[in-house]
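Colleague: Each chain is listed here by its residues.
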Amino acid sequence: MDWFPVWLSLRVALTATALTLLAGVPTALLLARKRFPGRNVLEAMVVLPLVLPPTVLGYYLLVVIGSRGPVGQALAAIGVEFAFTWGAAVLAACVGSIALVIKSAQAGFETVDRQLEQAARTLGRSEWSVFWSVTLPLAWRSVLAGAVLAFCRALGEFGITLMVAGNIPGRTQTLPLAIYDRVQAAQMSEANALALIAVGIVVVLLFGLSRLVRLRY
Amino acid sequence: MWRPLLPAVALAWLALGSGPARAAEPLPLTVFAAADLGFAFKELVPRFEKALGVRVTLVLGSTGQLAQQIEHGGPADVFFAADQAFVDRLVAERVLLGETRALYAQGRIVLATASAFGRKLTELRGLTGPNVRHVAIANPAHAPYGKAAEEALRKAGVWDAVRPKLVYGENIRHTLQFLQTGAAEAGIVALSVANVPEIDWVPIDPRLHAPLNQATAVVRRSPRPELGLAFIQFVNGPEGRPIMKRYGFLLPGEF
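From first to last, the protein sequence lines are chains A and B.
Under our numbering, the first residue of the first sequence carries the number 2, and numbering increases by one thereafter.
Under our numbering, the first residue of the second sequence carries the number 92, and numbering increases by one thereafter.
These are calculated hints, taken from the structure and not from any lab test.
In this text, all values refer to a predicted model and were calculated from it rather than measured experimentally.
The beta carbon of each residue, even a glycine, is placed where N, CA and C say it ideally should be.
Warning: the hint list may mix true and false statements.
[As the list claims (entries may be wrong)] Ranges of calculated distance between the beta carbons of each label pair, as one might list FRET restraints:
hint, chain 1, residue 1, chain 2, residue 2, range
1, B, GLU317, A, ASN193, 38 to 44 angstroms
2, A, ALA45, B, HIS225, 49 to 55 angstroms
3, A, VAL48, B, GLY344, 53 to 59 angstroms
4, A, VAL57, B, ARG185, 55 to 61 angstroms
5, B, VAL258, A, GLU44, 50 to 56 angstroms
[Claimed, not checked] Sample of chain B residues with no beta-carbon within 10 angstroms of chain A, all distances over it, derived:
hint, residue
6, VAL145
7, VAL150
8, GLY152
9, LEU188
10, GLY189
11, LEU194
12, PRO221
13, LYS246
14, PRO255
15, ARG312
16, LEU320
17, LEU341
[What the hints assert, rightly or not] Computed footprint of chain A on chain B; a stretch qualifies when at least three of its residues, placed anywhere within it, have a C-beta under 8 angstroms from a C-beta of chain A:
hint, stretch
18, 161 to 174
19, 293 to 305
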């Protein structure tokens, strides 16, 4: 059996989860704490990827990052081709999953008692320190839940990836695309094996996380 | 909480790096082909690889989706479309090389009955029977075989009676799945995908629909256009034609 799709999907999902956390947590904090013009627009933009059909979203992304698109042409000028690479699969996974991180973390930050943060400030902590030692530890369950959802969504991403990364065996064929290909080719036993692996990855991840959480708290 | 997690994740990420690194090998010839070619090309491609000593990556998809990807820089060397209209449009847009364009088949459609249904239908009129509750065809709005199916049903004078029973597949493989699973009792699929154990079929008179001309061409951006052309010539050559014929991809002289 070809294990390439499994490794590729794990790498894509891990990278995408890391990137969505980096971009999503600050956005969630912003949405939870600040009132600013355009806030409602930003909130709507965040959930947009959940509303649009993935293949349509993929098509729009392709128009932007493809060889005829503005971003694609700018990248080509510096010798980088982004569409139809595994990086494009990461972008697809990020777009598909970032809403899950943001909405979940936002809910977590909104329930944090502001007075505890104030207390830390009166004790001379910087804003940066308040975030790391008070806000995040109080909201981490929601952030972790968002990260788990994002990882699972990234691992299962299909429609956007199909359009922007292509379904190229050995290069951009992720686990869900590989399963789809096998089903289309009526190779059901291979499709079943790959589907079982996908389930196995998520089971191991959730089991490991719950152990880790119980160990620490 | 985070401390043991971060190095573990970083380590896993690095370990997984060995996977996608395979892309560093010299790129094989990449063929974008309509999904209905899957069975035929699985048999044909290894022979081409052996004859020319090159590796081929076969990417199957719907013709419309593949055409969009090639238009936006998809890394294809050759494009096999289920409908020549897509090839002609991309030739006009100077995305495909017009001088390499070739016809590789005229598609045929068949009337298929799910084996589980029991009684095999032999004519389109049979689809109007009360026992047939779902009729699977490919979406006529964008799938060439679906368009041909609609034309045949109209010409046979049963379109209005069959219309409420229609279920649309995204492409011809998807349509076939409706029949293979027994979700639809009958349907119209391509001859090229009809030889599966779960269905019985009879050919539909090709005069009932406009010819399904299927064409191929080399992509202009391809760094090895001569190799792509060699593949097209192999498919239409003495080694390729018998395989193509066996899977129902007939040229006008081969009916």
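Colleague: Hint by hint, say whether it matches the structure.
Modeller: Tested hints:
1. For the hinted restraint 38 to 44 angstroms between B:GLU317 and A:ASN193, the CB-CB distance of approximately 41 angstroms keeps it satisfied.
2. Look at A:ALA45 against B:HIS225: about 39 angstroms separates their beta carbons, and that is not inside 49 to 55 angstroms.
3. Between A:VAL48 and B:GLY344 the beta carbon distance is about 57 angstroms. The supplied range of 53 to 59 angstroms therefore holds.
4. Range check, A:VAL57 to B:ARG185: about 27 angstroms between beta-carbon atoms, so the 55 to 61 angstroms window is missed.
5. Between B:VAL258 and A:GLU44 the beta carbons are some 38 angstroms apart, a value that contradicts the proposed interval 50 to 56 angstroms.
6. Against the 10 angstroms criterion, B:VAL145 stays outside the reach of chain A, whose nearest CB is about 14 angstroms from its own CB.
7. Interface exclusion of B:VAL150 from chain A breaks down, the closest Cβ pair being 5 angstroms apart, not more than 10 angstroms.
8. With a cut of 10 angstroms on Cβ distances, B:GLY152 falls inside the contact zone with chain A, its closest approach being about 6 angstroms.
9. Against chain A, the non-interface label of B:LEU188 holds: every CB pair exceeds 10 angstroms, the least being about 16 angstroms.
10. Listed as outside the interface, B:GLY189 is consistent with that label: its C-beta sits roughly 20 angstroms from the nearest C-beta of chain A, beyond the 10 angstroms cut-off.
11. The Cβ of B:LEU194 lies farther than 10 angstroms from every Cβ of chain A, with a closest approach of about 25 angstroms, so its non-interface assignment holds.
12. Every Cβ of chain A is farther than 10 angstroms from the Cβ of B:PRO221; the closest lies at roughly 31 angstroms, confirming the non-interface assignment.
13. Annotated as non-interface, B:LYS246 keeps its C-beta farther than 10 angstroms from every C-beta of chain A; the closest such distance is 30 angstroms.
14. In this structure B:PRO255 is separated from chain A by more than 10 angstroms, as the shortest Cβ-Cβ distance comes to about 26 angstroms.
15. The beta carbon of B:ARG312 sits about 8 angstroms from the closest Cβ of chain A, which is not more than 10 angstroms, so the claim that it is off the interface is violated.
16. For B:LEU320, the shortest C-beta to C-beta distance to chain A comes to about 21 angstroms, beyond the 10 angstroms cut-off, and the non-interface label holds.
17. Against chain A, the non-interface label of B:LEU341 holds: every CB pair exceeds 10 angstroms, the least being about 22 angstroms.
18. With 5 residues having a beta carbon nearer than 8 angstroms to a beta carbon of chain A, the stretch 161 to 174 of chain B meets the requirement of three or more and the stated coverage holds.
19. Beta-carbon proximity to chain A at under 8 angstroms applies to 0 residues in the stretch 293 to 305 of chain B; the threshold of 3 is not reached and the given coverage is violated.
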